[in-house]
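Trainee: The lines below spell out each chain.
There are 2 protein chains.
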Amino acid sequence: MKNLKLLEGIEISDEKEDLICYSYDASYAKGSIPEFVAWPKNTEEIVRVVKWATAKGLKIVPRGAGTGMAGGAVPVGTRTVVISLERMREVLEINPENFTTTVQPGVINGELQKELMIYELFYPPDPASLDYCTIGGNVATNAGGPRAIKYGVTRNYCLALEVVLSTGTVVTFGNKSFKRVTGYEIKELLIGSEGTLGIISNITLRVLPQPEDIITLLITFDSIESAGKTVPKIIGSGITPRTLEFLDSSCLSLIEKNYELGLPTQVEAMLLVELDGELTSIKRQGEKIVEIARKFKGETQVATDYYSRENLWKARRSISPCLLKIIDREKINIDISVPIDNLSKTLVRLNQISKESNIPIVSFGHAGDGNIHVNILVEKNNEEEKKLGFEIVKKIFEFVVTIGGAISGEHGIGITKKPYIDIQLGRKQIELMQAIKRVFDPKGFMNPGKIF
Amino acid sequence: MKNLKLLEGIEISDEKEDLICYSYDASYAKGSIPEFVAWPKNTEEIVRVVKWATAKGLKIVPRGAGTGMAGGAVPVGTRTVVISLERMREVLEINPENFTTTVQPGVINGELQKELMIYELFYPPDPASLDYCTIGGNVATNAGGPRAIKYGVTRNYCLALEVVLSTGTVVTFGNKSFKRVTGYEIKELLIGSEGTLGIISNITLRVLPQPEDIITLLITFDSIESAGKTVPKIIGSGITPRTLEFLDSSCLSLIEKNYELGLPTQVEAMLLVELDGELTSIKRQGEKIVEIARKFKGETQVATDYYSRENLWKARRSISPCLLKIIDREKINIDISVPIDNLSKTLVRLNQISKESNIPIVSFGHAGDGNIHVNILVEKNNEEEKKLGFEIVKKIFEFVVTIGGAISGEHGIGITKKPYIDIQLGRKQIELMQAIKRVFDPKGFMNPGKIF
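Protein chains in written order, with full-length UniProt numbering: chain V, 1 to 452; chain S, 1 to 452.
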């Protein structure tokens with residue numbers, strides 16, 4: 001870090017080295033260089049930066065840890081200030097009697113998880129980047145993760161949000177109670193709005209007691225179609241696993257190459273199933289799943305001890321970063337969400353597209369809720385293949401919408417999916433969103449150039 | 001029913017007998033008499049009624065079964081047409097492979113439950129009025145019910161909404177996938193908007209596989225405070241009951257008077273706890289709850305068979321209608337929602353207020369999520385006591401907001417709570433809601449006079 005200048009006591013920088021750092025995120029999006037980066041430490045400092053910026057006519061780009069996969073946190077155009085929330089890292093309250101916690105937006109998801117463990121509590125949303133990503137960013141993108149199948153996404157845990165609007169006005173939406181019908185749920189509108197309506201400055205979340213026990217099952221399949229068909233059968237059996245992850249053979253090879261866990265790489269697909277609850281009960285559920293899988297020629301192994309389970313998850317979470325290590329290929333990643341009865345059809349279609357185009361497609365993700373991370377691996381420095389890659393993206397999105405799905409399950413639209421938003425939403429719906437945007441931010445200061 | 005007139009083939013009436021029927025709901029709200037009632041049978045007919053009404057300058061009041069507790073479905077002011085959705089009662093699809101169902105808005109909650117049973121599925125939200133209330137009304141008020149503690153409210157199951165706007169434009173928000181981050185979640189804004197933004201014409205819901213088994217426990221307490229303190233302890237133990245209902249002694253007496261179930265009426269409070277899941281597992285959970293209750297001097301009985309359980313629920317659901325049978329008293333009912341660590345404090349405060357004012361207050365409801373139905377029983381035809389009743393409402397609401405709660409957990413604001421909305425929401429928040437209202441309904445045709 002460099003010597004920082006101060007704006008009325010607030011850390012701020014206009015040094016090129018800082019500015020470049022804040023012009024990209026974890027996506028392939030190319031952002032522009034901001035004029036300033038500011039690091040407020042509390043709500044009042046956010047307000048002051050916002051007032052200073054808007055008075056100067058600067059647009060505002062709120063940012064958590066920059067682990068976003070859609071370019072939502074990178075500046076677009078000129079005359080921007082990035083407001084980084086990374087210095088707002090305080091867990092303000094853990095209330096084990098009300099099962100709530102209140103945090104500043106820059107708190108790291110994984111760090112909150114650790115603090116909650118002391119109280120035998122846990123916060124279900126667990127994006128793969130949980131060791132780095134912030135709760136504020138999670139709220140701004142309505143982040144999910146493997147546990148969403150059983151526990152839902154960020155939206156399901158977010159009870160109250162304090163937000164700084166572009167006028168500098170601070171409003172708190174929601175409260176600490178679990179149920180509420182008191183006018184329009186504006187909080188719900190803010191969740192997943194990717195920083196375009198205001199800056200989230202304080203968050204109250206619902207948390208849960210930790211489950212008693214966990215069992216992990218690995219099920220391998222010779223056919224990707226069978227893996228896809230097994231998923232709705234497991235859910236239909238009345239069991240709700242804690243996670244129900246899908247990995248195709250390319251993922252398994254990639255993991256083996258980097259971790260040597262002894263995973264079977266000769267199969268076409270693997271399901272990673274976790275059950276939580278009372279031990280005898282989840283053991284019985286495990287047996288039921290083994291039986292279901294067998295009907296689709298799936299073979300099951302059980303990962304019993306804590307360390308083999310943790311290794312497996314570390315490996316699972318590393319897939320996305322690992323894909324960046326492939327020397328000659330560049331990933332275009334999307335995270336489609338499909339109705340689970342069309343999961344098998346989707347996986348087969350992805351295989352087909354890969355074969356037709358002769359471009360490798362690596363798929364993994366949250367099979368239990370139909371949310372698949374699709375990585376189209378185009379040759380580096382091959383502009384023509386890259387163009388083809390984006391045509392494939394469009395083809396996949398069109399397919400997804402036809403079968404009743406969504407072009408993003410948990411990453412958001414940002415700038416990388418903005419060119420495709422029309423495939424998902426009709427004109428009227430986009431007009432309504434734009435009008436809502438004007439209600440909150442009439443002069444268009446907040447995170448311009450995103451979503452629509 | 002009377003002879004109906006037709007508007008381009010759509011049933012409509014301006015007969016006084018019909019109009020009076022549609023001027024009230026299940027609340028104490030006094031509505032005005034509409035000029036017309038129309039009964040469209042599909043989306044296209046809704047559009048035609050909307051266009052006809054707005055061309056004539058008539059305001060529109062959408063209505064399900066009229067079981068609302070806040071007056072949200074009753075006309076206010078002059079020149080209104082009630083659009084009743086009760087003829088739109090078709091379950092259009094049940095998809096047991098995707099765990100979704102698509103229904104018309106007039107489908108009765110309980111009838112949907114019955115149809116789902118054939119597929120061994122269930123729809124969790126279960127308001128007490130489930131035998132009468134419609135899914136459309138449930139969405140408009142974000143209805144909950146006893147099972148919300150484990151399964152959440154209507155919001156958590158609503159995947160897609162087709163809506164007719166006041167211009168006659170039809171827009172579908174959401175789709176059949178379980179996860180989505182594709183711009184602002186306008187669907188979430190519509191849920192709980194009490195018909196003020198548009199008319200819900202088609203609904204896709206997520207449904208779940210039926211649980212294997214159910215156990216019901218009755219726990220009685222000599223002190224209302226102990227009952228309140230037991231609730232967070234049960235949840236903190238890692239058990240999430242299917243229901244965790246609270247009934248005070250007045251409720252128990254009321255039930256005994258009408259049903260003679262042999263309930264203990266000498267106690268101060270009762271918890272009605274239901275567990276669902278795999279039998280051995282919930283039995284063990286049941287034992288754990290018995291232990292926890294014992295620490296607070298709670299005594300537990302188990303209702304094992306289906307019929308005693310069903311009777312108990314029938315009785316529980318009848319409390320609200322039973323309150324109307326008290327000859328000399330009139331109920332002012334509210335449904336506050338408080339953080340559960342303040343539940344005990346709230347129950348004690350309600351008792352206190354009742355004693356201080358010498359007006360009976362009967363409380364029951366969903367203790368597990370802090371949502372309590374409070375009934376202030378004022379003397380009939382005693383305007384002074386009624387005025388005092390409303391002062392008590394205000395006092396309770398102020399208390400609730402102070403401790404971080406909500407003035408309505410599942411009924412909504414409608415017209416009965418509109419005078420108190422300022423207690424809950426700040427000026428800026430109300431202004432934002434009004435601006436959002438103008439985005440959807442710039443000329444103010446939709447359900448005027450409600451919420452704010």
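No lab work stands behind these hints, which were simulated from the structure alone. Wrong hints could be hidden among the right ones.
Any copy will do: because identical chains look the same in the list, a pair fits if it lies in one copy or spans two.
Said to hold, decoys possible - Straight line, CA to CA, 27 Å or less: simulated DSSO-like cross-link-like pairs of lysine-lysine:
#1 K150 / K418
#2 K233 / K150
#3 K394 / K187
#4 K386 / K325
#5 K233 / K30
Trainee: Using 27 Å as the alpha carbon limit, work out where K233 and K30 are close: within a copy, between copies, both or neither.
Mentor: neither (42 Å within a copy, 51 Å between copies)
Trainee: Tell me, please, which holds for K386 and K325 at an alpha-carbon limit of 27 Å: within, between, both or neither?
Mentor: within (18 Å within a copy, 73 Å between copies)
Trainee: Check K150 against K418 for me: Cα-Cα at most 27 Å, and say if that holds within a copy, between copies, both or neither.
Mentor: Neither: 30 Å inside a chain and 37 Å across chains, both beyond 27 Å.
Trainee: Measure nothing new, just compare the shortest in-copy and cross-copy C-alpha distances for K233 and K150 to 27 Å and report within, between, both or neither.
Mentor: Both ways: K233 and K150 sit 15 Å apart in one copy and 23 Å across, limit 27 Å.
Trainee: For K394 vs K187, is the C-alpha pair at or below 27 Å within one copy, between two copies, both, or neither?
Mentor: Classified as between: cross-chain Cα gap 25 Å, same-chain 31 Å, threshold 27 Å.
Going down the numbered hints, you'll see the structure goes against 1, 5, while the others check out.
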